[in-house]
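Q: Use the sequences and the hints to build the structure in full.
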Amino acid sequence: MGELTVAGICSRSFDALQFVRELTKPSVGVEGLLCARQKVQALVDETNALLKKNVYKNYALFIETAKEISYLKSEMYQLSHLLSEEQSLLNSLLDTSISGDKTHGLTANEKKEVAAKFRGHEDIESLKMSKSQSVQQFARSTANIKELASVLEKVEGISSILETKNRILLHSGEMVELDLVDYKPLPNQGNIFGIILNDCLVLANSYPTNARSSGKKYKFQSFCELDNIAIINVKDPNFKTAFKILMMPQTRAFKVDTVESKKKWLDAFDQAKKQRRASLSLQRRDSLMFMPNLSMDTSGTGNQTSSKNTMSPIDRPYSALHNPFDEAEMLEDASESDATVPFWLIELPEDLDVCIAQRNFEEAVALVNKVNDHFVMYPKCDNSLQTDLKLRINHKIDELIEAIANELQVSPDRSLQSGPRAARRAVQLLIKLGKSSLAAKLFLSQRSTLLKFCLRQQKMEGATLQYIRRMGSVFFTNVNETCKEFQKSFDMTQTNEQSSVISLGLSSVENSVSSDKISGGGISLSPALACLVSWVHKQLLHFLSLFSRHVFTTQVSSTIASECVAIVRNQCIKLRYSVGIDLLMFLEMQLKTGIEKIISDCKEKLLEAIKLRSGEDKWQPQNHGNKAGITKFIEDMKDSGLSCVQNYVYDECRVSLTSNTTSFAKSFLNILHDLIKLWTPNTHHLIVDALVTTFTSQMRHLEKSMKKDQFKSERKFIRRNAIFLLDTLLPLAEQYFCEKLEKTCEELSKLHNDYSHLKAVSKDEKTKTMVNISEGKTYTTTTYL
Amino acid sequence: MAGNKNAKTSAQCPQPVLLKVIMVGSGGVGKSALTLQFMYDEFVEDYEPTKADSYRKKVLLDNEEVQIDILDTAGQEDYAAIRDNYFRSGEGFLCVFSITEHESFSATHEFREQILRVKGDENIPFLLVGNKADLEEKRRVTFEEAQKLADQWKVPYIETSAKTRSNVDRIFFDLMREIHKRKMCEAKTVNGPRKGKGGKKKKCIIL
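Taken in order, these protein sequences are the chains called L and R.
Here this note's numbering is used: the first residue of the first sequence is 5, the next is one more, and so on.
Here this note's numbering is used: the first residue of the second sequence is 39, the next is one more, and so on.
Hints in this document: simulated from the structure, not taken from any laboratory.
Note that beta-carbon positions come from the ideal geometry of N, C-alpha and C, so glycine has one too.
There could be a bad hint or two in this list.
Stated by the list, open to error - Some chain L residues near chain R, calculated using beta-carbon distances under 10 Å:
1. Ile-235
2. Lys-248
3. Ala-272
4. Asp-274
A: Written out as structure tokens, the structure reads:
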């Protein structure tokens with residue numbers, strides 16, 4: 005009994021029953037019990053005091069914690085508000101994407117249009133309705149932004165509801181809830197704030213004035229879908245501003261301030277209901293269209309399941325209502341219930357959008373490939389969600405292609421000097437997207453624009469030859485680069501291309517050989533290659549028209565013209581070796597008339613000159629006056645390849661050849677050099693003809709002179725000239741011809757025989773001539789001295 | 039709060055029993071006219087389609103004060119989809135058609151079906167009302183025809199005229215009586231066990 009202390013009671017082993025038993029066992033009589041009672045009483049007091057002390061001790065802590073909690077709570081509210089604001093901001097940013105295309109914000113009605121078109125069941129009436137509705141909604145929504153903002157300020161915890169897509173605020177305001185039985189305001193309750201959205205009703209009750217946080221008057225209370233609500237106008241002279249809302253399962257009565265206000269509320273409800281019905285009937289039609297096996301009843305509660313399956317745009321906000329605060333969960337549910345559409349696929353259009361906006365085309369293409377793989381694996385497209393998604397994705401892919409294609413567009417603000425490699429990225433991406441023909445088209449058109457620009461950049465100033473050389477180099481370098489890049493991009497195996505020559509013409513011997521090679525090698529011309537070839541052809545035509553304009557004019561000498569032709573031809577040959585495209589045939593075809601004209605011009609000019617000189621020929625040796633003159637002459641002749649003229653010099657300044665002969669020899673060799681540059685199998689006969697005709701013409705002159713009595717005394721001299729022409733000049737020409745073309749010119753050789761009689765010495769002169777030839781210089785000096 | 043209200047109601051006169059009547063039927067058959075005639079003893083000639091109006095009136099039903107709550111619903115087809123919501127709250131139905139319009143009579147099938155579907159009760163208080171009986175010369179629905187249908191449904195058939203006020207009170211009172219009777223029955227069956235519970239509780243407290 006003595007051990008009755010606080011510590012004893014507090015100990016865990018304390019047994020009340022045991023304690024009482026022990027207490028009563030030794031005591032006898034009332035006094036002992038009273039005494040025990042007193043002791044217990046004392047103990048109680050002591051314990052009370054202790055408890056109180058404990059409470060006091062913890063009280064401060066308690067208050068602190070409560071404060072902390074309420075503070076935390078408000079923080080959380082603010083945080084969630086900030087987050088939802090952030091979300092809406094991001095959404096609006098997405099809506100106004102850089103491309104300016106409002107694809108992200110495709111309204112439900114637009115989507116519906118697409119779907120309707122897709123199905124081929126255009127219900128014009130319903131579309132009209134939905135269109136006008138969307139217009140209405142838009143107008144209203146802009147007008148209601150202010151109201152929405154004020155509502156958001158007043159009411160807490162509804163931002164996630166209000167900021168859901170496609171929700172429009174129709175009406176909001178304060179109400180007083182009434183007792184259903186006697187229509188008297190419910191006691192102990194502040195105002196109710198009601199918000200009618202286009203698909204739901206949100207009610208918020210007022211905060212108790214003392215616990216108001218974050219300055220908001222109302223706090224979210226309940227949420228009800230419009231479909232589960234019916235509104236009833238209370239017609240009671242005593243409660244003119246009252247109305248009832250049937251919210252399954254309960255009914256609530258409210259009253260507002262004025263009759264007008266009540267009318268607004270009723271009208272707003274009515275309007276919301278009407279819109280809802282319109283959209284529901286549309287949706288019903290849609291779901292019937294998409295899923296004929298689904299039951300007709302999509303209204304009411306049956307709606308929920310069907311909406312989850314179809315996820316048709318209108319349904320979205322609606323099904324979201326079931327879980328307004330956790331959309332993510334809702335989506336997860338949807339993806340679970342519809343296993344064929346993975347989550348990433350649903351997000352894909354948005355992701356693609358982002359990639360396009362960031363110009364991260366590689367990523368976008370990777371995504372597209374992923375989708376394609378997916379659709380290959382799951383080709384069936386049996387529900388509207390997939391169809392819708394597919395449509396959207398296809399739309400996005402088109403956008404992507406357009407964006408990449410834009411990269412290949414030549415615009416004035418972009419550098420025009422970029423090489424073909426700059427386009428590689430875009431071309432590769434397009435090929436990956438299966439748009440290789442578009443890529444080829446764009447790439448080539450870009451290249452041709454750049455080529456044109458580069459050609460235009462070349463200044464006309466300076467000699468034609470220089471100009472043409474530059475042009476040719478620019479053109480062929482560009483073509484070369486383009487072809488190489490093209491072959492690389494479009495995966496034409498280099499080995500094949502290099503080993504054989506793709507010939508565009510068959511007429512030349514070489515070309516026909518190479519074409520044989522092609523058919524023998526069994527190389528199929530791919531469409532891409534055909535593309536490239538036709539491009540090159542087009543460019544060449546353009547270039548050659550430019551070329552002809554500059555080269556085949558009267559101002560340009562035949563020497564330069566033929567040099568230009570040779571340059572271009574050489575470039576063509578180089579191109580054939582580097583990329584395997586033979587343009588020679590086209591070149592010849594294009595330049596044929598020009599070249600022929602050059603040849604005939606050369607011929608005519610030389611004939612003219614021969615005629616002129618022959619008329620004036622006095623058969624006198626040349627006299628260059630002094631040593632300097634003869635040196636200059638010899639140098640001049642050397643330049644034309646007639647170094648042997650030196651052998652005919654005597655008396656320091658005289659030459660034992662007529663100026664006619666040397667001039668002709670010079671001209672003839674020059675012409676030969678020029679014409680050889682123009683040689684092709686096609687022009688062969690023309691060139692030979694020109695050479696033979698001119699030479700013959702000159703020889704005829706000699707022949708005539710030989711016969712003329714006037715020059716009887718000069719016959720020896722004439723013969724000497726003939727020998728020079730036949731034995732020196734002609735072999736030189738033949739040699740040159742042979743060197744350049746690696747074949748002999750029979751026509752020229754024939755001339756030896758034709759005019760050998762001119763060399764023949766009449767009997768009286770024979771010996772002298774022999775001496776002439778053997779002694780040369782000494783003879784001449786002696787003869788004329 | 040609840041206690042407060044209870045105290046209040048018990049302190050004043052006991053709150054009369056609330057009987058919820060719903061007027062159904064096609065548009066323009068005279069649901070509102072019947073309601074207004076019953077409520078305010080007036081006949082409104084102007085026709086204005088109703089959306090959903092609620093009326094209340096205290097009446098003496100067999101010497102007992104009851105409160106009738108009339109929900110006058112929209113007959114127009116537009117509102118068909120949301121009728122469910124209204125019907126759920128009803129305890130008894132006046133299914134009105136116009137004897138001058140056969141279509142409105144045919145439409146009663148649909149209303150009946152919808153009510154049964156929503157309420158899930160074959161025996162829900164229900165009256166078939168043929169209104170506009172004053173327009174005998176324009177009658178398109180015979181009494182026999184309507185009576186036959188009513189018999190089939192096992193409900194009473196009454197012809198009324200909102201204009202002449204003939205049978206107007208009768209349909210409301212008949213229906214109220216029906217509802218009241220039913221309510222009393224329900225109260226008995228529902229209250230039985232509840233009373234037992236209450237008794238037990240009391241016992242506990244006494245102990």
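Q: Hint compliance check: list the failing hint numbers for this structure, sorted ascending.
A: 3
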